[in-house]
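K.L.:
Protein sequences appear in the order of chains A and B. All residue numbers for the first sequence refer to numbering that gives the first Met the number 0, where the first residue is 0 and numbers rise by one. All residue numbers for the second sequence refer to numbering that gives the first Met the number 0, where the first residue is 0 and numbers rise by one.
Take these hints with a grain of salt, some might be off.
In silico DSS-like cross-links for lysine-lysine, where the CA-CA straight-line distance does not exceed 25 Å [to be verified]:
id, chain 1, residue 1, chain 2, residue 2
1, A, K183, A, K371
2, A, K442, B, K82
3, A, K455, B, K137
4, B, K137, A, K288
5, B, K112, A, K340
6, A, K443, B, K73
7, A, K309, A, K183
8, A, K442, B, K112
9, A, K222, B, K73
10, A, K358, A, K134
11, A, K209, A, K219
12, A, K443, B, K82
13, A, K256, B, K73
14, A, K134, B, K73
15, B, K137, A, K275
16, B, K137, A, K108
17, A, K166, A, K405
18, A, K371, A, K358
Here are some, though not all, of the chain B residues that point toward chain A, as calculated from beta-carbon distances under 7 Å [to be verified]:
id, residue
19, V57
20, S58
21, L162
22, S163
23, H164
24, P165
25, A168
26, E201
27, G249
28, G251
29, P252
30, Y253
31, Y254
32, F271
Because the hints were derived from the structure by calculation, they are not lab data. Because the structure is a prediction, the values reported are computed rather than measured. Just so you know, even glycine gets a beta-carbon here, dropped at the ideal spot from N, CA and C.
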Amino acid sequence: MGKRRNYKVWHVILLAFVFLAASACGGNNSGKTPEDAQGANGGKEGNTSDAPSADEQTTLSVWWFPLWKGSDEKQDGWVKEKAKEFMNMHPNVTKIDIEMLDWNNGIQKLDAAIAAGSAPDLSYIDLAWLPKYLKQDMLVPIDSYIDKTDAADFYKSTTDYATYNGKLYAFPILIAPRVFYANKTMLEEMGLADKLPLQGDRAWTVDQFKEIAANFPYKKDSKTYYATQISTNQADWQHLLWFWNFGADLYNSDESKFTLNSPQGVQSLDFLLDMKKSGAFKFIAGGAKPLNFWAGDMAFFPDVAYTEEKVEELLEKSIPADKKIPEVVALQFPTGPDVAKAKTYSGIGGIPVFKQKGKNENHTKMAMEFAKYLTNTENVKAAEKIGSFPTRISSGDVFGGDENAKVARYMMQDGKDLGRGESTSKILISLINPELDAAFAGKKTSKQALDDLATKANEVLDGGK
Amino acid sequence: MSRTNNLNITNKKNGIDRKLKKNLWGYFFVLPEMVIFLIFVIIPILRGLSFSFLNYNVSGSTWVGLQNFADVFKDDIFWIALKNTSIYTVLVVPGGVGVALMLSWLIFPLSPKLQAFFKAAYYLPGVISGVVVALVWKWIMDPETGLLNYALSFIGLGPYPWLSHPDTALYSLVLIAIMGGQGAAVIIITANMGAIPASLYEAARIDGSSAWHQFRHITLPLLRPTLLYLFVVGMIGSYQVFESVYVLTGGGPYYSTTTIAYLIYSSAFDFFEFGKASAAATVLFVTIFILSLIQFYVFREDKK
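The following block holds chain A by itself, in its conformation from the complex (with noise of 0.2 Å):
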């Protein structure tokens, strides 16, 4: 009796101890509503009728990507000059902390942080995520804190890509748009360059890329080239370049039905399926190691409309010490039937600004300040060192006679983008490629795996609204 009576003490003074520890550890936020939970910043969007002076002391966090390099020639170096020109203007700035992320798991990062409570203030991120970062309600609307006639300097196309329910939620800074490239020298030894449309807009059809496609896989010294590569890797999606330029589209006008399903779309995975099956493209699925282009491992590739310069870095960086050069030329997409002018992925890179607990309106807006900075009319001109183009309309013509922008710039007139709605990233991680997988494997056929496709997406997008 008395035991059991002092087991029930014991266990008591744990479950008393556990819990206290529990709740002290990150009680803060749970059974809270979004709107009680803001916190300082959070809510206020640019009411600044309690903000303290514009005096006060501030540090400002930022994550940046290996975009393009300062006059150091260091990858953080642009973001620290700019950082540090900020500074001289705005005293109250003390200090702008840098932290780098890379291409390979940066966003995973950001994502880790911002689930933590300790996302930076302010971040580049590409457009794309911005849905994801909008559901857990950690954007703050820049609107109020942007004159219409500067937001109305920004191509229209990619602030409305940044507006959600009519609000504006990052400052544009870059638009990478995609081309095709093709390795013009190993077509010539291949005896089938002629066959490349370089003359006029550059413009060609799925019909003539199959005649050159046809001739792969091609080995010589016992390695074998392919035409181009699929992949299906996670988040891998540049195949939707094909859907698109035969005519299929992800979503319908309004997004909230997903469409990929149409004839359209089942046509162009007939088409990739031939070409898997053939043996000129190769396929890239569950993890395994992508070709690169840049290395002269296959004959095209999409990727981002870099400046010819910029081509010519890349192919010195990236082709083997013993290898010849080759000479890389930018396409247009082919297209499939029925379709009159070629489509690219418009991508646009952005810099939002996070919800910060415990932060007030006058750090809000130096975060704010501080983007708006980064991508003014000559900041935003940078991006034409990695050969995208600036999102800034009094920014110019960058790029001067560069074919290479010219082609980029014709199918820009059609840019797609991946879907702008809640659940589009869910969609696009973790429903399109595994079907597509299926079908690849051979377990489906096109109209099966894009029927079960739709369904699950159709599911997805009833539930996530």
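Use these hints to put chain B onto chain A, whose structure you have.
P.N.:
Below, chain B alone, put in the same frame as chain A:
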């Protein structure tokens, strides 16, 4: 009666106090470890459990009751992940223990120096980070340039898309787990083989028993508690397989290597569905707990 009870209680209390005083330094020394255990294990478990009842959002959460569990059970991918994880466990645990047993059987009769060499060789992959080991396997299993397909080409086989076909990817991960992760089991088994009295083998030899019979009727029965321990620990580890999936296949192709732990990670960090991820983690915890209880029950019955 009540006086006797009171006396008993007082005596016991004094006994506890004495013990506490006597072992005070012991408690003092384990305190840091217990605090770390509490902060980094117990509290996260409790927090995870609480998240499974919330629509967790970084900037605020709302109570949703059992909705996250309903979402988990409604999700086809969860059932695929559970199936994959179960297949993986059913193959890896007996396969791994079997390989470790065979290796130990081969190593044990060797000289102490050779034994030490082989034990170290098999244990070494366990010292290296799992991610590094997985990257090495990624290279070995590369369909174009990998060592495995290259070796098979000499006997006219392959090339096989080890990690990139839905029919082979999960079994490739099983192969990697069995081939690469048995070092600790080899150490444990050989240590326990050393504890089996040599007189039993001598008696068997005198009775004309073959090496196989000695293994079958002496080694195996006396190693049973060790093997059951390895089964329990192996099962717990296998149900939580993550690193190799994350590095080698990303859960693909066609969900063929999506395991529960990978699904939890993906729900939480790809889609910020922390509530659903926590609910899946709770289901995983309960599954492992029940399976462990079953194994402990079998173990206890055998002991009797």
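K.L.:
May I ask which of the numbered hints given earlier this structure violates, with the numbers listed in increasing order?
P.N.:
1, 3, 5, 8, 9, 17 and 26
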